[in-house]
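Based on the provided sequences and hints, a complete structural model is requested.
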Amino acid sequence: MANEEIILTAEGLAKLEAELEDLKGPKRRELAQRIKTAISYGDLKENSEYHSAKEDQAFMETRILQIQAMLKKARVADSSDTSKVTVGSLVSLLDQEFDEKLQYRIVAPAEADVIDGKISYESPLGKTLIGKRVGDTVEVDAPMGKIQYKVLEIKSA
Numbered sequence: 001m002a003n004e005e006i007i008l009t010a011e012g013l014a015k016l017e018a019e020l021e022d023l024k025g026p027k028r029r030e031l032a033q034r035i036k037t038a039i040s041y042g043d044l045k046e047n048s049e050y051h052s053a054k055e056d057q058a059f060m061e062t063r064i065l066q067i068q069a070m071l072k073k074a075r076v077a078d079s080s081d082t083s084k085v086t087v088g089s090l091v092s093l094l095d096q097e098f099d100e101k102l103q104y105r106i107v108a109p110a111e112a113d114v115i116d117g118k119i120s121y122e123s124p125l126g127k128t129l130i131g132k133r134v135g136d137t138v139e140v141d142a143p144m145g146k147i148q149y150k151v152l153e154i155k156s157a
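When we follow the UniProt record's numbering, the leftmost residue of the sequence shown carries the number 1, and every step to the right adds one.
The set of hints was computed from the structure by calculation and includes no laboratory data.
Careful, some of the hints might be misleading.
[What the hints assert, rightly or not] Straight-line distance between alpha carbons at most 30 Å, and here's what the computed DSSO-like set of lysine-lysine pairs gives:
1) K24 to K45
2) K84 to K118
3) K73 to K24
4) K146 to K72
[As the list claims (entries may be wrong)] Between beta-carbon pairs, the in silico distance windows are:
5) R29 to T62: 16 to 24 Å
6) S80 to D56: 38 to 46 Å
7) K72 to E97: 40 to 48 Å
8) L65 to Q103: 32 to 40 Å
9) A69 to A10: 16 to 24 Å
10) L94 to S48: 52 to 60 Å
11) E49 to E100: 50 to 58 Å
12) G135 to A14: 29 to 37 Å
13) A14 to I35: 24 to 32 Å
If you're wondering where the values come from, they're calculated on a predicted model, not measured in any experiment.
Here a beta-carbon is modelled for each residue, glycine too, at the ideal position from N, C-alpha and C.
Below is the structure:
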């Protein structure tokens, strides 16, 4: 991920920007207040509230740096072309073994949430779907064996 471009959906970009604002604003102030309160308890060596707050601060500052680095490399995917699957596409599939219809949005790894129907373009299924068209059949290696899907529909974000 050194100089690699990060492709995000517009929704994913907005979420990252909102998280960054929250961390740099209200969360930072809240944590500063926690540290100030913990310092007022005295002896910092044995002050568990202070150490906990400092650990939380280190985690938060690391997350801020991660988000800032991601945003510098971010590019919003153009999913307006519904002739093929791209990042941001909403794809309807048919699991050919179980005759089951599924729907996934192809997103960046940072946005992936299988429960919410969002799969990463770096996942085995996501990688296989990129560039496919309606009617194409794809085969994906899964722990239980190969699974075949047919692309039924592609919609833009």
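Here is how each hint holds up against the structure:
The suggested pairing of K24 with K45 holds, with an alpha-carbon distance near 28 Å, which does not exceed 30 Å. With a C-alpha separation of about 17 Å, the suggested pairing of K84 with K118 holds against the 30 Å cut-off. Taking the CA atoms of K73 and K24, the gap is about 19 Å. The hint holds against a cut of 30 Å. Annotation: proposed proximity of K146 to K72 is violated, straight-line Cα distance about 38 Å (limit 30 Å).
Checking the proposed 16 to 24 Å range against R29 and T62 shows it holds: the Cβ atoms sit about 18 Å from each other. Our hint of 38 to 46 Å for S80 and D56 holds, since their Cβ atoms are close to 41 Å apart. Separated by about 43 Å at the C-beta atoms, K72 and E97 satisfy the suggested range of 40 to 48 Å. One distance hint, 32 to 40 Å for the beta-carbon pair L65 and Q103, holds here, with the actual separation near 35 Å.
A C-beta distance of roughly 20 Å is found between A69 and A10, which places it inside the suggested range of 16 to 24 Å. Checked against the given bound of 52 to 60 Å, the beta carbons of L94 and S48, roughly 55 Å apart, stay inside it. In this structure, E49 and E100 meet the distance hint of 50 to 58 Å, their C-beta atoms being roughly 51 Å apart. Take G135 and A14: their Cβ atoms lie about 33 Å apart, and the range 29 to 37 Å holds.
Hint check: A14 to I35, Cβ distance near 30 Å, so the stated range 24 to 32 Å holds.
Violated hints amount to a single one, hint 4; each of the other numbered hints is respected by the structure.
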